[in-house]
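**Student:** Here's the letter readout for the chains.
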Amino acid sequence: MSSDKQIQSTQEARMGEGVDSRFNSKLREAFGSSPFILTKFDKFMNWVRGSSMFMLQFGIACCSIEMMHTYAVKHDLDRFGAGVPRASPRQADVIIVPGTIVSKFAPRMKRVYDQMPEPKFVVGMGSCTISGGPFHEGYNVIKGAEEVIPVDIHVPGCPPRPEALVYGVAKLQERIANGESSPVTVKPYELEQFGDLEGDELVRHLADQIDEEDLVMRYNWAESP
Amino acid sequence: MSLERPEPSTHDQVGVTERGLDYEAIDDLLGDLVIGRESHLNAEGFVVRPERVAEALDRLKQQAGFDHLSCVTAQEYDDRFESIYHLKKYADPTQEVSVVVPTSHDDPHSQSGNAVFRTADWHEREAYDLMGITYDDHPDLRRILLPETWQGHPMRKDYDKEQPQVVTFREHANPLQEDHRAGGGEGDTMFVNIGPHHPATHGVLHLKTVLDGETVADVEPDIGYLHRCEEQMCQQGTYRHQIMPYPDRWDYISAGILNEWAYARTAEDLADIEVPEYAQIIRTMSAEMCRIASHMLAVGTFALDVYGDFTAIFMYSTRDREIVQNLLEDLTGQRLMFNYLRLGGVAWDLPEPREEYFEKVRDFLDDLPAKLEEYHDLITGNEIFQLRCVNTGVLDPEMAKSYGTTGPVARGSGIDYDLRRDDPYGYYPELDWDVITEDGCDNYSRVLVRMKEVEESAKIIEQCVDLLEDWPEEEREIQANVPRTLKPDNDTEVYRAVEGAKGELGIYIRADGTDKPARFKIRSPCYSNLQALPEMSNGEYIPDMIASLGSLDIVLGEVDR
Ligand code: SF4
Chain A
1 MSSDKQIQST QEARMGEGVD SRFNSKLREA FGSSPFILTK FDKFMNWVRG
51 SSMFMLQFGI ACCSIEMMHT YAVKHDLDRF GAGVPRASPR QADVIIVPGT
101 IVSKFAPRMK RVYDQMPEPK FVVGMGSCTI SGGPFHEGYN VIKGAEEVIP
151 VDIHVPGCPP RPEALVYGVA KLQERIANGE SSPVTVKPYE LEQFGDLEGD
201 ELVRHLADQI DEEDLVMRYN WAESP
Chain B
226 MSLERPEPST HDQVGVTERG LDYEAIDDLL GDLVIGRESH LNAEGFVVRP
276 ERVAEALDRL KQQAGFDHLS CVTAQEYDDR FESIYHLKKY ADPTQEVSVV
326 VPTSHDDPHS QSGNAVFRTA DWHEREAYDL MGITYDDHPD LRRILLPETW
376 QGHPMRKDYD KEQPQVVTFR EHANPLQEDH RAGGGEGDTM FVNIGPHHPA
426 THGVLHLKTV LDGETVADVE PDIGYLHRCE EQMCQQGTYR HQIMPYPDRW
476 DYISAGILNE WAYARTAEDL ADIEVPEYAQ IIRTMSAEMC RIASHMLAVG
526 TFALDVYGDF TAIFMYSTRD REIVQNLLED LTGQRLMFNY LRLGGVAWDL
576 PEPREEYFEK VRDFLDDLPA KLEEYHDLIT GNEIFQLRCV NTGVLDPEMA
626 KSYGTTGPVA RGSGIDYDLR RDDPYGYYPE LDWDVITEDG CDNYSRVLVR
676 MKEVEESAKI IEQCVDLLED WPEEEREIQA NVPRTLKPDN DTEVYRAVEG
726 AKGELGIYIR ADGTDKPARF KIRSPCYSNL QALPEMSNGE YIPDMIASLG
776 SLDIVLGEVD R
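Chains A and B, in that order, are what the protein sequence lines are.
This note's numbering numbers the first residue of the first sequence as 1 and each following residue consecutively.
This note's numbering numbers the first residue of the second sequence as 226 and each following residue consecutively.
Among these hints, one or two may not hold up.
What the hints assert, rightly or not - Only pairs whose alpha carbons sit at most 25 Å apart, straight line, appear in this in silico DSS-like list of lysine-lysine: (1) A:110 x B:433; (2) A:171 x A:143; (3) B:386 x A:143; (4) B:433 x A:187; (5) A:74 x B:386.
What the hints assert, rightly or not - Calculated Cβ distances over 10 Å to all of chain A for the following chain B residues: (6) 373; (7) 393; (8) 423; (9) 474; (10) 693; (11) 766.
The hints are simulated quantities; they were obtained by calculation from the structure and are not laboratory data.
Note that beta-carbon positions come from the ideal geometry of N, C-alpha and C, so glycine has one too.
Hey, can you work out the whole structure from these sequences and the hints?
**Tutor:** Below you can see the structure in the form of structure tokens.
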């Protein structure tokens with residue numbers, strides 16, 4: 001064909017006479033003549049972190065059904081750069097806690113949380129992770145996820161609609177991009193070695209059933225909210 | 226008509242007469258084991274000697290044909306503890322009898338029924354855990370729902386909710402350490418924890434698995450990671466309004482209305498409430514929508530388990546669930562926790578404009594056959610799937626009965642048992658539909674049953690829509706007249722069940738004359754179904770165990786309650 005001569009490599013086309021107009025954007029214009037951005041590395045990292053989050057595939061109770069719907073078709077959390085559920089906590093940045101936490105599960109949840117690499121973020125989904133929700137008065141129910149692990153974002157509802165969870169995750173991304181996360185403090189319920197517990201009546205009573213080195217969680221129901 | 230079941234072969238059993246059960250004959254059969262009689266609303270109760278429970282159960286099973294131990298309820302009175310064994314027949318669940326076992330308050334113990342019904346094992350462990358009754362001759366009486374180191378028995382009246390508790394975290398055994406649990410100390414085995422946080426356990430189930438090479442030498446389900454004190458919550462609530470929200474949260478896979486119906490049916494029997502016909506049709510329709518949603522998820526997650534496929538099948542099933550959930554949301558106002566039934570009816574009428582709603586439902590039903598075809602192509606017609614599922618996880622009918630399995634699990638083992646037909650309620654008897662059974666007894670059959678049941682549910686919904694459409698406007702009565710506070714008579718006891726998404730969902734209520742139940746016991750189908758897992762998996766490959774678990778379709782909210 002006759003126009004053969006005019007075909008140049010893309011690179012040539014770009015290098016030739018200024019920048020290819022297809023690469024122009026508002027942002028590019030704002031930078032003016034220099035195609036460089038000056039930013040703090042931390043800021044850049046936070047932006048990256050917020051834009052690509054790996055979630056932990058973690059189902060507890062009713063809320064996890066709505067969480068599944070959030071991941072799946074229609075709501076598709078992946079549109080927001082946060083939809084790759086990882087089965088292993090070691091590959092995850094964000095844990096959504098979707099459900100009621102009971103006494104037997106709290107130590108396991110703490111362990112899963114501990115296994116996630118830093119920096120890590122927590123979204124509490126549903127009333128149960130706020131206060132125990134409808135099961136607040138249950139003899140076995142932890143009055144909210146915050147008793148055990150730090151929570152960045154609470155999404156209220158029983159269960160929250162998928163839209164609400166999407167909003168919660170978007171808010172979390174905003175916070176991450178701004179470099180905010182909830183402080184890690186000592187929570188009322190911690191995993192400790194049995195030997196380190198104060199030797200009160202209950203501990204003495206259990207002494208022959210539990211090894212000194214066993215990890216335990218001690219619940220003081222009378223003091224929980 | 227299709228609802229006609231094959232002639233039940235119960236007529237040569239003790240106590241069966243033309244006019245129903247003859248309890249005198251059963252009394253004679255039990256003879257000197259009986260020390261008293263009680264009347265429950267659903268059946269007569271025989272008070273038997275606490276040290277001869279197994280014998281009584283055995284006679285009832287062998288000679289009177291009561292082959293289904295539906296539930297074991299433990300409860301506390303001021304002066305005694307009591308365990309009630311609710312017995313039924315798989316062939317005809319309207320024939321019921323209760324075996325009441327009283328024991329002293331200071332040292333509560335009675336004989337275990339485990340020798341006769343395998344399902345008694347877990348039910349008695351639960352009774353021990355929550356109520357503190359000891360069962361003699363029980364093979365393995367440990368706590369089941371609460372942590373081993375828990376202090377006290379929380380369903381007792383004198384339990385102190387404020388006392389501190391210490392819970393251990395022990396389950397981090399090293400899989401590579403020496404282990405010889407199987408085969409009497411010989412051979413190398415390996416101990417693996419599956420769960421409580423694991424994608425294939427459908428929630429927070431913990432399976433203690435001992436492997437011998439790639440085969441499962443032993444598996445023990447460890448439950449209780451979602452024990453949310455549902456029974457306690459219901460005992461704190463008033464009949465009229467405060468209990469109804471909780472059933473939604475037992476089987477939370479969108480099966481809410483089915484669960485609500487279990488409570489509605491029991492409480493309506495207890496308080497003698499008639500439900501208007503129009504409301505019954507709405508109930509039937511919405512309940513079947515729930516069943517479709519629930520089975521869709523079961524199929525989707527099962528495919529996820531056996532294919533490890535987070536794409537096509539799972540997404541298809543979520544897509545279809547979204548449609549059902551939208552229909553239910555239009556009707557009830559919520560996507561998951563409907564809280565739609567009321568004692569004596571439903572909360573409100575169909576959404577206006579009605580025509581639009583009917584059209585939406587019809588659209589869904591019209592698209593369904595093509596979609597199901599697609600599922601069948603992807604799942605049941607797939608060769609790989611068949612290789613994985615045919616003849617794995619076999620549960621033969623005898624075992625299935627002994628473990629008290631119900632629902633699609635039992636029907637996949639060829640047991641023709643569906644309470645919608647056999648113990649009729651709602652509007653089911655007037656409609657034309659079939660009970661699906663498959664006699665492969667394997668994972669494949671169980672999945673097939675669910676997929677076919679979706680078709681049957683669609684049939685039911687269609688007929689309900691037809692009826693509702695033509696219902697004269699002035700006769701649309703959605704609720705019966707129910708008093709503001711309900712106070713059923715002191716000491717009335719009732720056990721009633723409905724066909725939930727997973728099987729027989731039963732509730733036992735004892736009233737004490739106040740507006741709250743004195744005892745509220747939930748019989749969860751998943752609890753019994755899960756107990757059969759070792760039976761299906763021991764000796765099979767570990768991936769087949771995961772498939773079996775998926776085919777049981779348990780939901781932990783209902784297992785642990
Ligand atoms: S907040 Fe509600 S829906 Fe969520 S886990 Fe708790 S009870 Fe279930």
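**Student:** Hints first: check each against the structure and report whether it holds.
**Tutor:** Tested hints:
1. A:110 x B:433: holds (20 Å)
2. A:171 x A:143: holds (24 Å)
3. B:386 x A:143: Holds, because 13 Å separates the two Cα atoms, which is no more than 25 Å.
4. B:433 x A:187: violated (30 Å)
5. A:74 x B:386: Distance of about 44 Å is beyond 25 Å: violated.
6. 373: violated (8 Å)
7. 393: Check fails; 5 Å does not lie beyond 10 Å.
8. 423: Violated: least Cβ distance 8 Å, not greater than 10 Å.
9. 474: Non-interface label on residue 474 of chain B violated, nearest chain A Cβ at 6 Å vs cutoff 10 Å.
10. 693: holds (27 Å)
11. 766: holds (21 Å)
Hints 4, 5, 6, 7, 8 and 9, counting from the list given before, are not met by this structure.
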